[in-house]
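Residue numbers (our numbering), protein chains in the order written: chain X, 1 to 118; chain C, 119 to 276.
Treat the hints as calculated values from the structure; they're not laboratory data.
Fair warning: there could be bad hints in the mix.
Here's a subset of chain X near chain C, in silico, CB distances under 10 angstroms, partners left out [to be verified]:
1) V25
2) D32
3) Y34
4) T45
5) S81
6) G85
7) A92
8) T95
9) L99
10) W100
Restricting the straight-line Cα-Cα distance to at most 35 angstroms, the calculated cross-link-like pairs of lysine-lysine (DSBU-like) are [as the list claims (entries may be wrong)]:
11) C:K137 x C:K201
12) X:K98 x C:K264
13) C:K137 x X:K98
14) C:K199 x X:K98
15) X:K98 x C:K201
16) C:K195 x C:K269
17) C:K199 x X:K6
18) X:K6 x C:K269
19) C:K201 x C:K184
20) X:K6 x C:K137
21) C:K199 x C:K137
22) C:K217 x X:K113
23) C:K264 x C:K199
24) C:K216 x C:K184
25) C:K195 x X:K98
26) X:K98 x C:K217
27) C:K269 x X:K98
28) C:K201 x C:K264
29) C:K217 x C:K137
30) X:K6 x C:K184
31) C:K184 x C:K217
32) C:K264 x C:K184
33) C:K269 x X:K113
34) X:K6 x C:K264
35) C:K269 x C:K184
36) X:K113 x C:K137
37) C:K184 x C:K195
38) C:K216 x C:K264
39) C:K264 x C:K195
Just so we're clear, the structure is a prediction, and the values are computed from it rather than from any experiment.
Here a beta-carbon is modelled for each residue, glycine too, at the ideal position from N, C-alpha and C.
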Amino acid sequence: MIEIVKVIIGICIALGALLTVVTAVGLIRLPDVYTRTHAASKAATLGVMFVLAGTFLYFYLLEGHMNSRLILAIVFIFMTSPVAGHLICRAAYNTNVKLWENSVQDDLAAVKKERAQQ
Amino acid sequence: MAFQILLNVFLALVWMFLKVSNEPIDFLVGYFFGLLLVFTFRRFFPSRFYLLRVVAVINLIAIFIKELLLSNIAVLKVIIKPKLDIQPGIFALPTELKKDWEITLLSNLITLTPGTLVVDISDDNQTLYIHAMDASDAEAAISSIKNTFEKAIMEVSR
Numbered sequence: 001m002i003e004i005v006k007v008i009i010g011i012c013i014a015l016g017a018l019l020t021v022v023t024a025v026g027l028i029r030l031p032d033v034y035t036r037t038h039a040a041s042k043a044a045t046l047g048v049m050f051v052l053a054g055t056f057l058y059f060y061l062l063e064g065h066m067n068s069r070l071i072l073a074i075v076f077i078f079m080t081s082p083v084a085g086h087l088i089c090r091a092a093y094n095t096n097v098k099l100w101e102n103s104v105q106d107d108l109a110a111v112k113k114e115r116a117q118q
Numbered sequence: 119m120a121f122q123i124l125l126n127v128f129l130a131l132v133w134m135f136l137k138v139s140n141e142p143i144d145f146l147v148g149y150f151f152g153l154l155l156v157f158t159f160r161r162f163f164p165s166r167f168y169l170l171r172v173v174a175v176i177n178l179i180a181i182f183i184k185e186l187l188l189s190n191i192a193v194l195k196v197i198i199k200p201k202l203d204i205q206p207g208i209f210a211l212p213t214e215l216k217k218d219w220e221i222t223l224l225s226n227l228i229t230l231t232p233g234t235l236v237v238d239i240s241d242d243n244q245t246l247y248i249h250a251m252d253a254s255d256a257e258a259a260i261s262s263i264k265n266t267f268e269k270a271i272m273e274v275s276r
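Construct the entire structure; sequences and hints are all you get.
Have a look at this one:
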């Protein structure tokens, strides 16, 4: 039983670390702010959540110490990180950061022009 | 909905007073019988039986977690692929949701979905502008968002 738990905890932590590495690679490889935010707001969220869940399981199942703050941290990160991604994207768009040149369509441009005229 | 829950808790307390007990187990038993009572008298309440809404909320959380996992696999594929052949773009999504919290929830869900990210919301709260990793099939993305998330959120707020 203890061995199975250890394996599960190991998988959780390793998966979280792997996802965080993928996020970092994505931040370097992807072409513009918007696509980078995709990588940062998704993979990093799940990566950190996995690491926290693994830590929680370790202390709860092997040390018998239930730490509810880790659960709260998981919930808070889950709620706030998509909002952070949205705000970064929006701030970039409103300060005229250009889309990547291979982008296919941009419905927001017309709306923005209209807002500028008012 | 809040009123029905409050009534149910109150009924559980009445059960405890009737039994002259302060055990948590008696609270649970009383809550169960109160639930049966609330269910029996459900046509006297203005909103529907509250357990249905609780089930809808749980369903929404399950969708949230599933989409988070799927979106991570999708992003992983794009990043690891040796050739960068994505077609990003911004498309508009008309929404039927009215209240602020519903729209916030929808945009959070969309941001956690594979390859989509909310950039802006129009001033009249009727259109979401979404940046997609792969905007070549925006129609498909719109219909899938409408069918799954919007429906699930409407199920909660109905």
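Now for the hints, and whether the structure bears them out:
1. Interface restraint check: V25 (chain X) against chain C, minimum CB-CB distance 6 angstroms, threshold 10 angstroms, status holds.
2. Hint status for D32 (chain X) relative to chain C: holds, with the closest Cβ pair at about 8 angstroms, below 10 angstroms.
3. Checking Y34 (chain X) against chain C: minimum C-beta separation of about 5 angstroms stays under 10 angstroms; hint holds.
4. The interface hint given for T45 (chain X) is met, as the beta carbon of that residue sits about 7 angstroms from the closest beta carbon of chain C, less than 10 angstroms.
5. For S81 (chain X), the interface hint holds, the least distance from its beta-carbon to any beta-carbon of chain C being 9 angstroms, beneath 10 angstroms.
6. A least Cβ separation of about 6 angstroms between G85 (chain X) and chain C falls short of the 10 angstroms threshold, and the interface hint therefore holds.
7. For A92 (chain X), the suggested interface contact is upheld, since its CB lies about 9 angstroms from the closest CB of chain C, less than 10 angstroms.
8. The criterion of a C-beta within 10 angstroms of any C-beta in chain C is not met by T95 (chain X), whose closest approach is roughly 13 angstroms, and the hint is violated.
9. Annotation: interface hint on L99 (chain X) holds; nearest CB of chain C at approximately 7 angstroms, less than 10 angstroms.
10. Hint status for W100 (chain X): holds, given a least beta-carbon distance of 6 angstroms to chain C, under 10 angstroms.
11. About 71 angstroms separates the Cα atoms of K137 (chain C) and K201 (chain C), which puts this hinted pair outside 35 angstroms; it is violated.
12. Only pairs whose Cα atoms come within 35 angstroms are accepted, and K98 (chain X) paired with K264 (chain C) is accepted, the gap being roughly 29 angstroms.
13. The suggested pairing of K137 (chain C) with K98 (chain X) is violated, with an alpha-carbon distance near 70 angstroms, which exceeds 35 angstroms.
14. Among the hinted pairs, K199 (chain C) with K98 (chain X) is consistent with the structure: their alpha-carbon atoms are about 24 angstroms apart, no more than 35 angstroms.
15. Pair hint K98 (chain X) plus K201 (chain C) holds up; C-alpha atoms about 22 angstroms apart against a cutoff of 35 angstroms.
16. Between the alpha carbons of K195 (chain C) and K269 (chain C) the distance comes to roughly 29 angstroms, so the proposed pair stays at or under 35 angstroms and holds.
17. Our distance criterion of 35 angstroms between C-alpha atoms is met by K199 (chain C) and K6 (chain X), whose separation comes to about 32 angstroms.
18. Using a Cα cut-off of 35 angstroms, the hinted pair K6 (chain X) and K269 (chain C) is violated, with the two alpha carbons roughly 40 angstroms apart.
19. Our distance criterion of 35 angstroms between C-alpha atoms is met by K201 (chain C) and K184 (chain C), whose separation comes to about 27 angstroms.
20. Simply put, K6 (chain X) and K137 (chain C) have alpha-carbon atoms about 46 angstroms apart, too far for the 35 angstroms limit, and the pair is violated.
21. For a cut-off of 35 angstroms, the pair hint linking K199 (chain C) to K137 (chain C) is broken: about 66 angstroms separates their Cα positions.
22. About 27 angstroms separates the Cα atoms of K217 (chain C) and K113 (chain X), which keeps this hinted pair within 35 angstroms; it holds.
23. A hinted pair counts as satisfied when its Cα atoms are at most 35 angstroms apart, and K264 (chain C) with K199 (chain C) qualifies at roughly 29 angstroms.
24. With a C-alpha separation of about 25 angstroms, the suggested pairing of K216 (chain C) with K184 (chain C) holds against the 35 angstroms cut-off.
25. For the suggested pair K195 (chain C) and K98 (chain X), the alpha carbons sit about 25 angstroms apart, so the restraint of at most 35 angstroms is met.
26. Taking the CA atoms of K98 (chain X) and K217 (chain C), the gap is about 32 angstroms. The hint holds against a cut of 35 angstroms.
27. Annotation: proposed proximity of K269 (chain C) to K98 (chain X) holds, straight-line Cα distance about 34 angstroms (limit 35 angstroms).
28. For a cut-off of 35 angstroms, the pair hint linking K201 (chain C) to K264 (chain C) stands: about 31 angstroms separates their Cα positions.
29. Pair hint K217 (chain C) plus K137 (chain C) does not hold up; C-alpha atoms about 44 angstroms apart against a cutoff of 35 angstroms.
30. Of the supplied pair hints, the one linking K6 (chain X) and K184 (chain C) holds, its CA atoms being roughly 25 angstroms apart against a limit of 35 angstroms.
31. Restraint check for K184 (chain C) and K217 (chain C): the C-alpha separation of about 25 angstroms stays at or below 35 angstroms, so the hint holds.
32. Simply put, K264 (chain C) and K184 (chain C) have alpha-carbon atoms about 17 angstroms apart, close enough for the 35 angstroms limit, and the pair holds.
33. With a C-alpha separation of about 33 angstroms, the suggested pair K269 (chain C) and K113 (chain X) falls inside the 35 angstroms cut-off, and the hint holds.
34. Between K6 (chain X) and K264 (chain C) the alpha-carbon distance is near 41 angstroms, which puts this suggested pair outside the 35 angstroms criterion.
35. For the hint linking K269 (chain C) to K184 (chain C), the alpha-carbon distance of about 16 angstroms falls within 35 angstroms, and the restraint holds.
36. Taking the CA atoms of K113 (chain X) and K137 (chain C), the gap is near 70 angstroms; set against the 35 angstroms cutoff, the hint is violated.
37. With a C-alpha separation of about 17 angstroms, the suggested pair K184 (chain C) and K195 (chain C) falls inside the 35 angstroms cut-off, and the hint holds.
38. Straight-line distance between C-alpha atoms of K216 (chain C) and K264 (chain C) comes to about 14 angstroms, which keeps the hinted pair within the 35 angstroms bound.
39. With a C-alpha separation of about 25 angstroms, the suggested pair K264 (chain C) and K195 (chain C) falls inside the 35 angstroms cut-off, and the hint holds.
Checked against the numbered hints above, the structure violates hints 8, 11, 13, 18, 20, 21, 29, 34, 36; every other hint is satisfied.
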